[in-house]
Amino acid sequence: MGDYIVLAISCILINNILLAQFLGNCPFLGTSKKMETATGMGMAVVFVIVLAGIITWITERYLLKPLDIEFLRTLSFILIVASLVQFVEMFLKKSIPALYTGLGIFLPLITTNCAVLGVCLINIKEEYTFFEMLVSSFSYSVGYGFALVLFAGIRERIILARVPKSLQDTSIGLVTAGMIAICFFAFKGMV
Amino acid sequence: MAQSVVKEFTKGLWAEIPPFRLVLGLCPILAVTKSVENAVGMGLASAFVFVFSNLLVSMLRNIIPSKVRIAGYIIIIATFVTVVELVMQAYTYPLFLKLGIFIPLIVVNCIALGRAEAFACKNPPLASVADGLGMGIGYTLSLCVVGALRESLGNGTLMGHAVFGPDFQPFRFMLEAPGAFVCLGLVLCIMNLIGKK
Chain A
1 MGDYIVLAIS CILINNILLA QFLGNCPFLG TSKKMETATG MGMAVVFVIV LAGIITWITE
61 RYLLKPLDIE FLRTLSFILI VASLVQFVEM FLKKSIPALY TGLGIFLPLI TTNCAVLGVC
121 LINIKEEYTF FEMLVSSFSY SVGYGFALVL FAGIRERIIL ARVPKSLQDT SIGLVTAGMI
181 AICFFAFKGM V
Chain B
1 MAQSVVKEFT KGLWAEIPPF RLVLGLCPIL AVTKSVENAV GMGLASAFVF VFSNLLVSML
61 RNIIPSKVRI AGYIIIIATF VTVVELVMQA YTYPLFLKLG IFIPLIVVNC IALGRAEAFA
121 CKNPPLASVA DGLGMGIGYT LSLCVVGALR ESLGNGTLMG HAVFGPDFQP FRFMLEAPGA
181 FVCLGLVLCI MNLIGKK
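As they're listed, the protein sequences go chains A and B.
Taking my numbering, the leading residue of the first sequence gets 1, the next gets one more, and so forth.
Taking my numbering, the leading residue of the second sequence gets 1, the next gets one more, and so forth.
None of these hints come from the bench; they were simulated from the model.
Be aware that one or more of the hints could be misleading.
[As the list claims (entries may be wrong)] Listed next, with one range per pair, are the computed distances between beta-carbon atoms: (1) B:V6 <-> A:L99: 30 to 36 Å; (2) B:E117 <-> A:L67: 28 to 34 Å; (3) A:G2 <-> B:G160: 29 to 35 Å; (4) B:F168 <-> A:A161: 32 to 38 Å; (5) A:K94 <-> B:L158: 29 to 35 Å.
[Claimed, not checked] Computed list of lysine-lysine pairs in DSSO-like fashion (alpha-carbon distance at most 27 Å, straight line): (6) A:K125 <-> A:K65; (7) A:K34 <-> A:K165; (8) B:K67 <-> A:K94; (9) A:K65 <-> B:K98; (10) B:K122 <-> B:K67; (11) B:K34 <-> A:K125; (12) A:K125 <-> A:K33; (13) B:K98 <-> A:K125; (14) B:K11 <-> A:K165; (15) B:K67 <-> A:K93; (16) B:K34 <-> A:K188; (17) B:K98 <-> A:K188; (18) B:K34 <-> B:K98; (19) B:K11 <-> B:K122; (20) A:K188 <-> A:K125; (21) B:K7 <-> B:K122; (22) A:K165 <-> A:K33; (23) A:K93 <-> A:K34.
All C-beta atoms, glycine included, are put in the ideal place defined by N, C-alpha and C.
Let's have the full structure, built from the sequences with the hints guiding it.
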């Protein structure tokens, strides 16, 4: 049990997928201008990463490895992620419309969010067991949402500030992200 | 014809240089630019994928039905990424280890998909290759600039050679994660300053 907690903390804070591993930065800068979009995106990411983590882990373990075709990993994983996102979108639209209106517009964006494929690949690379994989997928994605919401909060304030013209928008966004990354850096000595 | 091909090629080098002008494909530029060597490796690997995926998408542009085009593009891109992965594993293994999961992640590099969707699916193969090559070289250049800044300031070296003499105190912040964000933000700011004139 203790191991799982350590793993969760290290995935959320220390190896935060956005700020320490640099995955999923394009939607990070794109969808973080408003708190609401950031929350929606964060939730959609958690949902998709956990599902994709489970399916890719099973694929790797029971299909790619026994058949010795691991070189097809990239190809098969991206196909799984892309079709999963499509499927989730259709499923939510039909059966849980309330959730769909909340997450809907963010779902197609997630296919090219490298955090999803990144977490799946990290799970395989670290040779996690099934439960470790569950914990790591969940905590990585929670860490992603956490950083996204934090960042959106700061960015909403920056809009009110007077930023030099050439630093505006993405540029100041990146510098802000750097500042948040410094805060997350402080967790490094924890585990 | 020749002129327009040259134009498609050169726009990737300055006017639309990724990721500064087109804010796409930020993850690798933050993650693998600790040294110029990594940056060059990553840039060339991505350039290869851009060129060939653009070529194939453009050749198949009348065959792929528009409803499943995104899935088609992803498969094409993933195929070339697998090729790069295997080639790098065979010939440049140390570099392959350093770049780690960022090689397979070229698949989700928005530039590759973005160019396929925005350019290659509407233009003939030659122009698409020029576009892919321009974007690829532009991307490599950007990676090198950030890599050179971070390596020289953070480690006092360039391609492994000392540049500032023995008294230089390395600015280690640049090599860490926060330094990557700040450095890229400032480079973007400088690009904006120059671009305005």
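Hint check results:
Remark: the range hint 30 to 36 Å for V6 (chain B) to L99 (chain A) is contradicted by a beta-carbon distance near 50 Å. Checking the proposed 28 to 34 Å range against E117 (chain B) and L67 (chain A) shows it holds: the Cβ atoms sit about 33 Å from each other. Checked against the hint of 29 to 35 Å, the pair G2 (chain A) and G160 (chain B) fails, with Cβ atoms roughly 42 Å apart. Between F168 (chain B) and A161 (chain A) the beta carbon distance is about 35 Å. The supplied range of 32 to 38 Å therefore holds.
Between K94 (chain A) and L158 (chain B) the beta carbons are some 57 Å apart, a value that contradicts the proposed interval 29 to 35 Å. Proposed proximity of K125 (chain A) and K65 (chain A) is supported: the alpha carbons are some 13 Å apart, at most 27 Å. Among the hinted pairs, K34 (chain A) with K165 (chain A) is consistent with the structure: their alpha-carbon atoms are about 21 Å apart, no more than 27 Å. Between the alpha carbons of K67 (chain B) and K94 (chain A) the distance comes to roughly 20 Å, so the proposed pair stays at or under 27 Å and holds.
A hinted pair counts as satisfied when its Cα atoms are at most 27 Å apart, and K65 (chain A) with K98 (chain B) qualifies at roughly 24 Å. The hinted pair formed by K122 (chain B) and K67 (chain B) meets the criterion: a straight-line CA distance of about 15 Å does not exceed 27 Å. Straight-line distance between C-alpha atoms of K34 (chain B) and K125 (chain A) comes to about 22 Å, which keeps the hinted pair within the 27 Å bound. Annotation: proposed proximity of K125 (chain A) to K33 (chain A) is violated, straight-line Cα distance about 33 Å (limit 27 Å).
At roughly 14 Å between alpha-carbon atoms, K98 (chain B) and K125 (chain A) fall within 27 Å of each other, so this suggested pair holds. About 24 Å separates the Cα atoms of K11 (chain B) and K165 (chain A), which keeps this hinted pair within 27 Å; it holds. At most 27 Å may separate the alpha-carbon atoms for a hinted pair to count; K67 (chain B) and K93 (chain A) meet this at roughly 19 Å. The hinted pair formed by K34 (chain B) and K188 (chain A) meets the criterion: a straight-line CA distance of about 19 Å does not exceed 27 Å.
Among the hinted pairs, K98 (chain B) with K188 (chain A) is consistent with the structure: their alpha-carbon atoms are about 21 Å apart, no more than 27 Å. Restraint check for K34 (chain B) and K98 (chain B): satisfied, since their Cα atoms lie roughly 10 Å apart, inside the 27 Å limit. Between K11 (chain B) and K122 (chain B), the direct Cα distance comes to roughly 17 Å. Compliance with the 27 Å bound is thereby established for this hinted pair. This hinted pair checks out: K188 (chain A) and K125 (chain A) have alpha carbons roughly 22 Å apart, not beyond 27 Å.
With a C-alpha separation of about 16 Å, the suggested pair K7 (chain B) and K122 (chain B) falls inside the 27 Å cut-off, and the hint holds. At roughly 18 Å between alpha-carbon atoms, K165 (chain A) and K33 (chain A) fall within 27 Å of each other, so this suggested pair holds. Between K93 (chain A) and K34 (chain A), the direct Cα distance comes to roughly 24 Å. Compliance with the 27 Å bound is thereby established for this hinted pair.
The structure fails hints 1, 3, 5 and 12 (numbered hints given earlier, in ascending order).
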